[in-house]
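Novice: Make the full structure from the sequences, and use the hints.
Going down the list, the sequences are from chains A and B. Taking my numbering, the leading residue of the first sequence gets 682, the next gets one more, and so forth. Taking my numbering, the leading residue of the second sequence gets 30, the next gets one more, and so forth.
Hints were generated in silico from the structure; no laboratory data involved. Be a bit skeptical, because a hint or two may be false.
[Said to hold, decoys possible] If you want a taste of the chain A side facing chain B, the calculated C-beta under 8 angstroms gives, among others:
hint, residue
1, 869
2, 879
3, 901
4, 930
5, 1069
[Claimed, not checked] Covered, in the sense of this in silico footprint (three residues per stretch, anywhere, with C-beta under 8 angstroms from a C-beta of chain B), are these stretches of chain A:
hint, region
6, 857–866
7, 1086–1098
8, 1127–1139
A virtual CB, placed ideally from N, CA and C, is assigned to each residue, including glycine.
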Amino acid sequence: MEALTSLIGGFSVLADPMNIVYMFVGIALGVLIGVLPGLGGANGVAILLPLTFSMSPVSAIIMLSSIYWGALFGGAITSILFNIPGEPWSVATTFDGHPMAQKGKAGEALTGAFTGSFIGAFFAVLLITFLAPVIAKFALQFGPAEFFAVYLLTFCSFVGMGRESPFKVLAAMTLGFALAAVGIDTVTGQLRMTFGSVELLRGFDFLVAVIGLFGVGEILLTMEEGLAFKGKSAKINPKVVFQTWARLPAYWAGMLRSAIVGCWMGITPGGATPASFMSYGLAKKFSKNGKNFGKGELEGVVMPEVAAHAAGTSALLPMLTLGIPGSPTAAVLLGGLLIWGLQPGPLLFVEQKDFVWGLIASIYLGNIAGLIVVLTTVPLFAAILRIPFSVIAPIILVICAVGAYTVHNAGLDIAVMLVFGVVGYVFKKLDYPLAPLVLALVLGDMAESSFRQAMLVSQGHLSIFWSNPLVGSIVTLALVMLFWPAISAIKARMTKGTRHAAAE
Amino acid sequence: MSSDVEKTQKTVSNRTMDIVVALIFMALAVVVMADSWRVGARWAADGPQAGYFPFYIGLIMFIASVGTMVQNLITKTPDLTNFVDREPFMQVLKVLVPTIVYAVLITLIGIYVASVIFIAFFMWWLGKYKLPIILPVAIGVPLALFVMFEVWFLVPLPKGPLETAFGY
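Specialist: What follows is the structure, given as structure tokens:
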């Protein structure tokens, strides 16, 4: 029960009242970010990251991760009341959430969604508490080849599990790697792809890219859709909350299933969005009320939220133990660790016990606090949404510009952010995924240096990636993932003759 | 199907955009590969050269984009739906162009004054608000940012002549 004693140590870190204040500030900001279009978990954290440079790393990660929890909660509010998913992972919540709101059951839908989120997160953090130390200990034996194999698996999973065309996933991903390579090569000191420009020496910062891709890009998309917020009013009172809670235990099996789906998708970089859709689909298939799904079924609200929050939370597991984030927001948090001078990866559990366990303890408290905050303040946040877009949009753009500038105190970064905004807009419209681009931009340097170190060890022979059973099986699994779209296409073609199933 | 309304909304099809973006990717991939080759993409006595890894990244990007393009060219069911209708596209430009001007203004007169002008213009032009509503928002938000960044967190933002006049 080493994990439990460490966890208790983590809670003692939280005893500092300032950390509790940061947690509540983070959650309130996070819900706000989740509610506003154009601001989401990833770019919200990216914008606020520079503000934490002067804080202690523990306080900073508590505040930033609380923003993440808040954003996960906040996405549900807009989905249910306005039928506008504030975050991609709450799209599935609109299917049943908004019909419920239209029937005047907004309070129940919101309570169900928030509680579902809480349960999903709780399941995931239990998993982190007991699994993370084990994985970290195991990963301490990893050499560069093993690390590169895990990176490879991460990126190949995007190809194998993504909805998008595998070619587009690869193109977006390699764009991220190429942008990450711009600047001074850390090994040889040579200049790469700077083309004589001094400004390019710094390379591309992924924080600026995230703010542009997710923030400005989202504003442009919202503008195109010409949104007019017409929402249902939110009434939550204790009676509705307790009545809804009384109905939830009946869904325990479905919730467990959704939590497992969510954790799996969060640890592998499938992410919260596919997890929520998958869990909704599974619930529809298995539920007694499956045919009522889409018309306002409480179960259809709870399940995707459980999965989304489980995925969002468990995305921190690979980030903490291996230094590989499972989601764009986790990637931004990882960038934060590097800026605060902490090296993510298994050594974190040995050298920075206070930091790791303080963070894990804050996930427990943060989600309890988050549940209380959202249940009590929904009307307030719903009122913010009634502010017209022509007022909100310029304010968000100003905040994005400030965020991009403060990363390096460079005016050019604001222009870079705008370019990424246009890229984000076009990519979204053409179904190029943004997550692999961001992850490649963050991990590019580390993936490259582990590859080069592995190559140095083996004197340039790729056989090092099959030199022991561990690395061999990871690499093989990665290659299966990479070629999965091709494999399944061939399989579909082979069965096509016998069955009349259309190949995807 | 070919009513006048739809004709005026026609811009480019998703298929055309897909091919254009794939071509841009291919051009980019060539740039990446060429520059990696320049710094050396082979095996030196002391290990892989600086361009070794990016060169293959460029190669994968090139192959993937060729894949996207070929897919769009040979498909029997091309996606000929409109990439963006004309009117929504104008809406997008109405946000993008002022934002570009705003980015230029920041470098000239500092972020605070530029933000006041940007928010005020946006609210007046797209929201058709009257001055009594515009002014508190347009001045209040940058002021709040000023207090938060310069005073509270001590993070300097770009400033212009006005702030200098106030002694910042």
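Novice: Compare the structure with each hint and give your call.
Specialist: Each hint, compared with the structure:
Among the interface hints, the one on residue 869 of chain A holds; its C-beta lies about 5 angstroms from the nearest C-beta in chain B, closer than the 8 angstroms criterion. Among the interface hints, the one on residue 879 of chain A is violated; its C-beta lies about 16 angstroms from the nearest C-beta in chain B, farther than the 8 angstroms criterion. Satisfaction of the interface hint for residue 901 of chain A is found here, the shortest Cβ-Cβ separation to chain B being roughly 5 angstroms, below the 8 angstroms cut-off. Nearest Cβ of chain B to the Cβ of residue 930 of chain A: about 44 angstroms, over the 8 angstroms cut. The hint is violated.
With its C-beta approaching chain B no nearer than about 6 angstroms, residue 1069 of chain A sits inside the 8 angstroms limit, and its interface hint holds. Look at the region 857–866 of chain A against chain B: 4 of its residues bring a Cβ nearer than 8 angstroms to a Cβ of that chain, three or more, so the hint holds. A stretch counts as covered by a chain when three or more of its residues have a beta carbon under 8 angstroms from one of that chain; for the region 1086–1098 of chain A and chain B the count is 6, and the coverage holds. Interface restraint, the region 1127–1139 of chain A with chain B: holds (5 residues with C-beta to C-beta distance below 8 angstroms; minimum three).
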